[in-house]
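Given chain A, work out where chains B and C should sit, using these hints.
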Amino acid sequence: MEPISAILHALPWDQILIQTLNGIVTGMILALVASGLTLIFGIMDVVNFAHGELFMLGAYIGVVVMATSGSFWLALVLSTLVVAIIGAALQITTLRPLLGRDPLTTILATFGISLVLQNYALWQFGPVARKIQEPITGRFSLFYLEYPWYRIVIAVLSGAIIGGFWLFLKYGTYGIWIRATTQDRVMAQAMGIPVPWVHTAVFAIGAGMAAASGVLFGPLVGVNHAMGIDWVLRAFIVVVVGGMGNLGGSIAASIFISLLEAYASIWVDPAQAVIVSFVVLILTLLFRPTGLFVPTPK
Amino acid sequence: MALAPPIDAPVPAVAGREGAPAALLRTQGLTVRFGGLTALDNVDFEIARGEVRAIIGPNGAGKSTFFNCLTGVLRPSAGRILLNEENITGLPPNRISQKGIARSYQVTNILPNATTLENVRVAAQSRRHGWSMLRHHGAYRDLIEEADAVLQSVGLRGKADELAANLSHGEQRNLEIGIALATQPRLLCLDEPTAGMSAAETHDTVALVRRIAEDLTILIVEHDMQVVMGLARRITVFHYGRVLAEGSPADIQQNPRVQEVYLKT
Amino acid sequence: MTGADASSTLVEVEDIHTYYGKSHVLHGVSLWVGRGEVVGLLGRNGVGKSTTLKTIMGLVRPSRGRVRFEGGPITGMPAHRLARIGIAYVPEDRRIFRLLTVMENLRTGLDRRGVSEARKHELTDKVFAYFPVLAERRGQPGGTLSGGEQQMLAIARAMMLEPKIILLDEPTEGLMPRMVSQIRDIIEVLHREGVAILLVEQNVPLTLQASQRIYIMEKGSVRHHCAASELRVDDTVIHQYLGV
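Protein chains in written order, with our numbering: chain A, 1 to 298; chain B, 1001 to 1265; chain C, 2001 to 2244.
Only chain A is shown next, with the shape it has when bound in the complex:
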């Protein structure tokens, strides 16, 4: 008993609690980004390397809308819609013609799109980071910190968006179309479901989710042309750890990984804490390659 209670006393509980909160907040945003990614992969086997740039684009559009209208919420809604439309256009022009070909071609295509978007943003907005003003500036006292309410709002909103989408998948008319197409593209076609359009719609939804994450995350860091890179890397880790195409798994994995990183950054530099995520990725690939939160296939 002695050594255990000694350890328990030595742990910095206040920091742990704060990091738990931070981990959940980051996890929820990551979940929103990763959900789009895993949906797109699950339904059309496309690894969307441009996903981080859709996130970044969403943040920038948020900046622009806020600058002209002053409303954060308008920025959120408008950015989501605009990027969803851009996503649909991208899918129709560059990805639809590649359907059925070697997956490498879609990887190259989305990677190409990501380069185009990054450089466009750099050209359009310049290298100086922009800021989105957070809509709620209140804070509450948590131990020695003044913890921003806004962060809680982010977590709740992300959860609401994902939850809303999950409900749509389960009960909405077109939700059935998306689920059927994900399971068996060929039979979905044979049942009259217009699969090419379902693909476009899902890509648009994924893009919209990425954009919403970008706007929500904007106030926490600066908005710059490279902000997508970090996120897409973590999102891919989440998609693998959570199970490719598994929506629930990617949410669980997002929170799991973000919590681990948050705890790790109590003791090490936050920039190094990302090592934890990679360790989890490697362990998952070694022992449970279909995903940690997915039942082991027989």
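With beta-carbon atoms standing in for the labels, derived distance ranges:
id: 1; chain 1: B; residue 1: Q1125; chain 2: C; residue 2: Q2240; range: 40 to 50 Å
id: 2; chain 1: C; residue 1: G2243; chain 2: B; residue 2: R1033; range: 30 to 40 Å
id: 3; chain 1: B; residue 1: M1133; chain 2: A; residue 2: F287; range: 30 to 40 Å
id: 4; chain 1: A; residue 1: I85; chain 2: C; residue 2: P2205; range: 56 to 66 Å
id: 5; chain 1: A; residue 1: V186; chain 2: B; residue 2: A1114; range: 27 to 37 Å
id: 6; chain 1: C; residue 1: H2121; chain 2: A; residue 2: G175; range: 19 to 29 Å
id: 7; chain 1: C; residue 1: Q2240; chain 2: B; residue 2: A1078; range: 37 to 47 Å
id: 8; chain 1: A; residue 1: I85; chain 2: B; residue 2: A1078; range: 57 to 67 Å
id: 9; chain 1: C; residue 1: R2035; chain 2: A; residue 2: L98; range: 35 to 45 Å
id: 10; chain 1: A; residue 1: T290; chain 2: C; residue 2: H2121; range: 39 to 49 Å
id: 11; chain 1: C; residue 1: Q2240; chain 2: B; residue 2: A1114; range: 39 to 49 Å
id: 12; chain 1: A; residue 1: L233; chain 2: C; residue 2: D2185; range: 57 to 67 Å
id: 13; chain 1: B; residue 1: A1114; chain 2: A; residue 2: G175; range: 45 to 55 Å
id: 14; chain 1: C; residue 1: G2147; chain 2: A; residue 2: D45; range: 24 to 34 Å
Computed cross-link-like contacts, DMTMM-like style, restricted to lysine to aspartate or glutamate with a CA-CA straight-line distance of at most 25 Å:
id: 15; chain 1: A; residue 1: K170; chain 2: C; residue 2: E2117
id: 16; chain 1: C; residue 1: K2022; chain 2: B; residue 2: D1204
id: 17; chain 1: A; residue 1: K170; chain 2: C; residue 2: E2122
id: 18; chain 1: A; residue 1: K170; chain 2: C; residue 2: E2136
id: 19; chain 1: A; residue 1: K170; chain 2: C; residue 2: D2111
id: 20; chain 1: B; residue 1: K1264; chain 2: C; residue 2: D2235
Residues on chain B that point at chain C, a partial pick, calculated with CB under 7 Å:
id: 21; residue: H1169
id: 22; residue: Q1253
id: 23; residue: V1258
id: 24; residue: Q1259
id: 25; residue: Y1262
id: 26; residue: L1263
These aren't lab readings, by the way, just hints derived from the structure by calculation.
Note that CB positions come from ideal geometry on N, CA and C, so glycine has one too.
Chains B and C in isolation, oriented as in the chain A frame:
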């Protein structure tokens, strides 16, 4: 030059010592279970040296699973496989290839960007031990001659320098057989060799198999009954993972159980 | 047998050549199905029966030849459009949506434009009357159903499209005899309702009983074509192309 025998005369088996055929390959109680599904159920099977045996049976009868076990692709849940009385159960495919079992696949498995000769030469090389990375491949004259001879026996010598991808479907399937042959097998397993072929190509392939059957043991899975009847001396019928019947083509044709299974009467 | 009469022909396949990569699977297949007819397509494994159905359904593109529906060309049209103009497909391995419930499986066929809620209820009620087992399991995921139940669901799902023709690929494969006779009854019911059926099968007695006309395929082409009444199970033709 003697005329080739008519297509419906089966190839006689090569007798072993004392006039009785020796068993080249045997399975004892071979069983494969995938979870709740029993794909192979206690299969006792024997093929004599020099025999040409056809395996037939409806969909899902376990023919491919059986082949997969023989060639080491699948590990059986129970039972043994004996090659010349040596237990080869559970050995990996490369070891099984070294022991002398070669296989052609249902889906053509050639190297499309290599020439016909190179495809066969690579397979012939697998019989060599001792690798020197410094010698030019052209220096292995004996290998090239071997590959050449194999191409001759599968009728592709004229296309030796042609890229394999440019061959017709029938030629590619025959190349596949050539690749298997180049590993100098004792047992050649052919998996639906005439699938997707026209009547003319089928005829050519049957002639090919009859030629090479003269000093090989051949196991062939086929759906085309004309091919089966023309090549096999004995036929084994699989059904739901078990051996339903075994016998000469005439026996099998007259077997009422086999008719029932095929016509679902 | 005379050729197709244009006004009553529903589906016509003309000299189709289909390849899987280099494998020449269909060597000039020609056949036709009339309105409300049950036509049987017999042949051993690997002769190209399933490929013929997939070509009609637009799941596989022929390299040569034409497919027509109600006189109009449909070669190369995508499957989801064909499903909406009246062709339904029940594949060999059933391929129901395993993670969707029985009801959701049916809904994939119901949610079409121009179908009122009332009509949707009618259709589901009808199919539950024919398949009471499906009604019992309507909330269960498709993957939990037995093989025979999945086959019934696959057929019921196709019926939700209110098709003019159903392409049935080996519906009795792997089923117990009791289920086989249930399938035969369903085919009879569909026939009475005026739905045409192109039935691919290896079960000869069932096919001869249920069909009006029979095509027999071997090695990628049609080798025999006659009225079902002209054939018996022990005919030489049957033995030649289907037996051992």
